[in-house]
Amino acid sequence: MTRIIRTPVVPGVPVVVDGENAGPVTVFVDGDDVFAFEDNCTHHKCALSDGDFDGEVVVCACHFAEFSMRTGEVLEGPAVDALRVFPAKIVGDEVEVEISE
Amino acid sequence: MSIEDPIVIVGAGVAGVECAFALRDYGFAGRIVLVNGESEHPYDRPAVSKELLEGTAKIGDVLLRPVDSYDDRNIEVVQARAQNVLSANNEVRLSSGGVLSYSRLVLACGGAGRPLVESAPRSPRIHGLRSASDVEAIRSQVAPGVHVAIAGGGLIGCEAATSLRRSGARVTVLERSDRLLAEQWAGVMSGLVEHWMVQSGVEVRTSVTATTVRESSRHIRVDLAGFGAVEADLLICCVGTNFPVEWLRGCGVSASVLRGVECDNRGETTVPGVFVAGDLASGPEFANVARRTELHWEGAAASGRAVAAALMGADVPTLPVPTYSTRIFGHSIQFIGRAVGAPTAAAVGTTAYWVDAHGTAVGALAIDDPRGFRTARRTVREGSGADSINNEHQ
Chain A
1 MTRIIRTPVV PGVPVVVDGE NAGPVTVFVD GDDVFAFEDN CTHHKCALSD
51 GDFDGEVVVC ACHFAEFSMR TGEVLEGPAV DALRVFPAKI VGDEVEVEIS
101 E
Chain B
1001 MSIEDPIVIV GAGVAGVECA FALRDYGFAG RIVLVNGESE HPYDRPAVSK
1051 ELLEGTAKIG DVLLRPVDSY DDRNIEVVQA RAQNVLSANN EVRLSSGGVL
1101 SYSRLVLACG GAGRPLVESA PRSPRIHGLR SASDVEAIRS QVAPGVHVAI
1151 AGGGLIGCEA ATSLRRSGAR VTVLERSDRL LAEQWAGVMS GLVEHWMVQS
1201 GVEVRTSVTA TTVRESSRHI RVDLAGFGAV EADLLICCVG TNFPVEWLRG
1251 CGVSASVLRG VECDNRGETT VPGVFVAGDL ASGPEFANVA RRTELHWEGA
1301 AASGRAVAAA LMGADVPTLP VPTYSTRIFG HSIQFIGRAV GAPTAAAVGT
1351 TAYWVDAHGT AVGALAIDDP RGFRTARRTV REGSGADSIN NEHQ
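In order, the protein sequences belong to chains A and B.
Oh and the first sequence: position 5 is 5 in this note's numbering, straight run, nothing missing.
For any residue, its number in this note's numbering is found by taking its place in the second sequence, counting from 1, and adding 1000.
Don't take every hint at face value.
What the hints assert, rightly or not - From the structure, some residues in chain A lie toward chain B, with a derived Cβ separation under 8 Å:
# : residue
1 : His-44
2 : Ser-49
3 : Asp-52
4 : Phe-64
5 : Val-85
6 : Lys-89
7 : Asp-93
Quick caveat, the hints were computed from the structure, so don't treat them as lab data.
Remember, predicted model here, so these are calculated numbers, not experimental data.
Even glycine gets a Cβ: it sits at the ideal position worked out from N, Cα and C.
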């Protein structure tokens, strides 16, 4: 089953939305790029929305694990497991995040 | 011994756990037995002085791997301490009374805390800070206003001061040299960290040498040569690492309390079939790249994987350029490479570089500058010169 979650576009600021069973989801809009991914770092569950956003990379504020916001791939440890990412696009003045369960 | 006997890994810290999982990644199909000397599931030791001590995380939040993953990868975890090695029989004797036969043995049981003074009494008020059980004991005694003396102003001591001050304790740091973090990062952070500590209400006493430690009914008293004494409710010793190798006596492995277990650049000890990984490893490769003064998580993890490669006859991967990161009183500190001599200017919000005589950036330290650190890390890893640093900063 797929659900669509909508949230206002706030460029350059991470917004955390409730993904229900998928847990908290961070939405980040940077120019034409829209990223949506699980907010909990796969290392020790820190909120990635508190991290640093640099291009397509999010850096966890706790232990500096780095993930590609586009693919979820771990770019730098200490995280081992990839981050779950969700398809997202801008529709009007909202971001639509597609969460499949 | 038979070929059916498992690879036995003694120690379930990051080196041992990474070695076990890497063996599976390399396709090892035989039995793997991981001997865990602690009562918790294998956890991330850097959390001991940080979030576990502060109480912002519980052990379940900082596990190295999900609990199920050991079963999933068919890694047998045995809760026991290894008591001795009979290398002639390829056997390890356990505290549980059991005996494990091994086809190959990996020693990955790390180091232990040094005592502040050899004559210090054993007391429930005196702790090391190496394990989750140390944290449990300390936290059961810490409350707002309780006075904690921390011996050692190195990284662990400074992290412990942060965690305990934030838990409301009154904290005094005792450091033998004339400044905090004297051996870290060529002393660059000493002034800033002392400033953060004092601002946060930590008493910092440098250039003090503990001569005796005594226990009274209510206090621990540490006598400081020529500078009086400090009385505290608790004493936490963060004054470096020893390697408890007495249990290896008689098995033929060359080892010492100060240096750990000798090995070649594949991690094999002086006894064929017995390997060593992580902090305990003292060999040419490990000594130069990731060890001795830098007993850090990443180096230990990489060394565990390197030993797995050696056991499987694969090419031993090069150990990564060492990195370390921490938080002290809310400030993030990230480091990569080597810190020899004077770096470029270090200030909050910037990244300082160490550049060698050929203009190559060999180390970098970022203070509250995660973006600067990403550039620095790339630069140091690639061994590119100072020119490219300047260009990227323009």
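Right, here's what the structure says about each hint:
no., hint, verdict
1, His-44, "6 Å, holds"
2, Ser-49, "15 Å, violated"
3, Asp-52, "4 Å, holds"
4, Phe-64, "5 Å, holds"
5, Val-85, "20 Å, violated"
6, Lys-89, "27 Å, violated"
7, Asp-93, "29 Å, violated"
Hint violations for this structure: numbers 2, 5, 6, 7, all remaining hints satisfied.
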